[in-house]
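> One letter stands for each residue in the lines below.
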Amino acid sequence: MPEYKLIDLKDENLSEEDHEWYSHLFLFLCKYIQNFDNIRNQANYNFSGHGAYDAFHLLFHDGGNVELPVAVAGMYNSGCYPQNTARVLQRAYYHPDVRHKSLATHGGNHIKKALLAKYILPEQLRIARDEFRREGVFFSVEFPMRRKSFETIVGWMNEHHTTEYGIWEIHPKLVNTCEGYVHDAKYQHVDHRTCWQNVAIMKFRDDFELNLPTMEIEEWHEKYGTTKR
Amino acid sequence: MKSMARQNVRGNNGPDRKELPNFKLLGALSFTDSALVLGAAQHILAEVGEDYNDINNETYRVAQDCPLKTYFPPTYRQVLIQTPITDGVAEEDYRCIPALDGKSRITIYHVLKIFGLNDFYRARLAILPPGGVLDWHIDTNTSVSCRVQIPIMGDCIWEIRRKKEVEARVLTPFQVSFTNTGYAHRVSNPHPTEDRVCLTIGCHYDAIKKWFE
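Protein chains in written order, with our numbering: chain A, 1 to 229; chain B, 230 to 442.
Rather than coming from a laboratory, the hints here were simulated on the basis of the structure. Just so you know, even glycine gets a beta-carbon here, dropped at the ideal spot from N, CA and C. One thing to keep in mind: the hints can contain errors.
Claimed, not checked - Label-pair restraints from in silico Cβ distances:
no. : chain 1 : residue 1 : chain 2 : residue 2 : range
1   : A       : Arg126    : B       : Gly331    : 30 to 38 Å
2   : A       : Val98     : B       : Gly240    : 30 to 38 Å
3   : B       : Gly268    : A       : His221    : 47 to 55 Å
4   : A       : Trp220    : B       : Phe252    : 50 to 58 Å
5   : B       : Gly331    : A       : Pro122    : 28 to 36 Å
6   : B       : Arg390    : A       : His19     : 19 to 27 Å
7   : B       : Asn286    : A       : His19     : 28 to 36 Å
What the hints assert, rightly or not - Listing some non-contacts, in silico: residues in chain B with all C-beta distances to chain A over 12 Å:
no. : residue
8   : Gly383
9   : Glu394
10  : Pro421
Work out the full structure: start from the sequences and follow the hints.
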């Protein structure tokens, strides 16, 4: 089992030199994704900054000196979610070397899928609860067609990667996870088919509620059909 | 030396030199990647100092087995970006990034990867002094190893001689070119006062095949 090194680009204790270097490697990874990795959400990695994030984690193989991160994921609130809420595993990415082809896990082969759950997620939960005093967090996956896989993976996380912070519960509806905008002095959510996502919630307090717009799955299908893109 | 020359004549790593053009422009580095490579190269050169030369260095195994110094102008220098992974002398063995000033070397490594060179070896900075000429010579048949050139400080004049005909090209900074070094070639720096620095990369044909299709 290889050893991994976890870097948080938002960690204030990271030296200026290390911050510059790891940001640099992250940008190389973004370029790699845009040029060579034919993933569905390739365009999401056309971003140069991680400024709005509360945490942005890069996971490296420890050893060797030319590798790009094998997994990355951010955590943020960014003012577009209620103050008590954080989104974890945002922009989550696996390098093809360690990527599982299916969202769900099969046959107990959890090793690759475990990288986010084992190394990045516990740290993001700690930062969300203990440093930013969030009362609950969520992570999400696009498209209702992937809901079964999503349920499998959430079940697997609760079974194999329990943490001291709580358990994951799947929201019965689709939740709008997109950043909003102000129109006619009202805060509006972007109404795009990809904004309505399958969401898993972890409560740090029993009375936590995810206060974001929701939509029934059937309603989504009526509105958008079965498109995956 | 003779056995080495024989190895360089024919291999199984790509088409024969006759099947490839003298020059092929593969593309150009983006503006930001050019700036990164230039910065990294300047950093490496400043770090090693102006007297440093891997041609004279014991880590440069090729230089131990071939009298390279007798072929090159005395002030011609090379600084390796990749060093050998074994004690062998094959070019393909030069794949490591040394710890010394590693970040600049890793930057160059990733820029080359992102450009689309998925596998390469013995990347090095070749520094040709003002007015310097690397006289006519043949490196290896392209069926053994190919060469990619990226000038990063100033233009270089390249001449390739095939069947007594010489084709000349000016290679300009941050353009990425295949040069058919299976034929006799000569490289010169016409500038009277400035060095010319070129990033020279070894690779098998497979790594650049997509640009020929």
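> Are the hints correct? Go through all of them and say.
Now the hints, each set against the structure:
{"no.": "1", "hint": "Arg126(A) to Gly331(B): 30 to 38 Å", "result": "31 Å, holds"}
{"no.": "2", "hint": "Val98(A) to Gly240(B): 30 to 38 Å", "result": "34 Å, holds"}
{"no.": "3", "hint": "Gly268(B) to His221(A): 47 to 55 Å", "result": "52 Å, holds"}
{"no.": "4", "hint": "Trp220(A) to Phe252(B): 50 to 58 Å", "result": "56 Å, holds"}
{"no.": "5", "hint": "Gly331(B) to Pro122(A): 28 to 36 Å", "result": "30 Å, holds"}
{"no.": "6", "hint": "Arg390(B) to His19(A): 19 to 27 Å", "result": "51 Å, violated"}
{"no.": "7", "hint": "Asn286(B) to His19(A): 28 to 36 Å", "result": "34 Å, holds"}
{"no.": "8", "hint": "Gly383", "result": "26 Å, holds"}
{"no.": "9", "hint": "Glu394", "result": "37 Å, holds"}
{"no.": "10", "hint": "Pro421", "result": "37 Å, holds"}
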